[in-house]
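When you get a sec, could you build the whole thing from the sequences and use the hints?
There are 2 protein chains.
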Amino acid sequence: MPTIVVDVMPKAELLDPQGKAVTGALSRLGVEDFSAVRIGKRFELSVEGEVTDAVLAKAREVADDILSNSVIEDVVNIEVVA
Amino acid sequence: MPTIVVDVMPKAELLDPQGKAVTGALSRLGVEDFSAVRIGKRFELSVEGEVTDAVLAKAREVADDILSNSVIEDVVNIEVVA
Numbered sequence: 008m009p010t011i012v013v014d015v016m017p018k019a020e021l022l023d024p025q026g027k028a029v030t031g032a033l034s035r036l037g038v039e040d041f042s043a044v045r046i047g048k049r050f051e052l053s054v055e056g057e058v059t060d061a062v063l064a065k066a067r068e069v070a071d072d073i074l075s076n077s078v079i080e081d082v083v084n085i086e087v088v089a
Numbered sequence: 008m009p010t011i012v013v014d015v016m017p018k019a020e021l022l023d024p025q026g027k028a029v030t031g032a033l034s035r036l037g038v039e040d041f042s043a044v045r046i047g048k049r050f051e052l053s054v055e056g057e058v059t060d061a062v063l064a065k066a067r068e069v070a071d072d073i074l075s076n077s078v079i080e081d082v083v084n085i086e087v088v089a
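So the sequence lines, in the order shown, correspond to chains A and B.
Heads up, this note's numbering is the position in the first sequence plus 7, with the first residue counted as 1.
Heads up, this note's numbering is the position in the second sequence plus 7, with the first residue counted as 1.
For the record, the hints were derived by calculation from the structure and aren't laboratory data.
The structure displayed is predicted, hence computed values, not measured ones.
Be aware that a few hints might be false.
If chains are identical, the list can't say which one is meant, so a pair holds when it fits in one copy or spans any two.
Keeping only pairs whose Cα atoms sit at most 27 Å apart, straight-line, the calculated BS3-like set for lysine-lysine is [what the hints assert, rightly or not]:
1) Lys27 / Lys48
2) Lys48 / Lys65
3) Lys27 / Lys65
4) Lys18 / Lys48
In structure tokens, the structure reads:
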């Protein structure tokens with residue numbers, strides 16, 4: 008069954024307290040390879056049948072209007088996986 | 008600055024209440040193109056400098072040990088983006 012993946016991240020200019028907490032935890036644990044961590048959401052939308060242009064357009068609409076809050080989040084990626 | 012993206016999803020055999028709620032909401036809103044929605048997490052790890060094999064291996068280790076709970080979640084993807 009094809010799946011449409013929608014990735015949503017907090018806007019770059021916003022603090023991301025979850026990500027900040029993980030960044031601090033990694034540092035306390037002695038992991039120094041990563042200067043920052045940001046945490047967003049990954050939605051997997053299952054599609055019965057084929058992913059037509061109409062289905063993909065609907066996914067874009069749903070991503071912008073329902074899955075993300077455009078005040079604080081950006082839809083950074085929409086892709087179809089097998 | 009290169010970024011390592013780590014995608015974590017709830018295990019397939021587990022109920023995903025957030026995803027179920029969104030699936031129900033879409034259906035109530037008249038969106039019938041998607042038979043199921045599952046919601047996971049997307050981590051973006053910023054790397055200062057180059058992504059060497061060692062840094063990537065550390066990212067894998069952190070993904071398995073710290074960013075995900077292997078009892079209920081799977082790391083489904085680790086990739087480097089520009």
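Hints versus structure:
For the identical chains of this complex, Lys27 and Lys48 are neighbours both inside a copy (16 Å) and across copies (15 Å), given an alpha-carbon limit of 27 Å. Taking the shortest Cα distances, Lys48 and Lys65 sit within 27 Å of each other both inside one copy (19 Å) and across copies (22 Å). When the C-alpha separation of Lys27 and Lys65 is checked against a cutoff of 27 Å, the pair qualifies only between copies, where the shortest distance is 19 Å, while the shortest distance within a copy is 33 Å. Taking identical chains as interchangeable, the C-alpha atoms of Lys18 and Lys48 lie at most 27 Å apart whether they share a chain (12 Å) or sit on different chains (15 Å).
Comparing the model with each numbered hint stated earlier shows that all of them hold.
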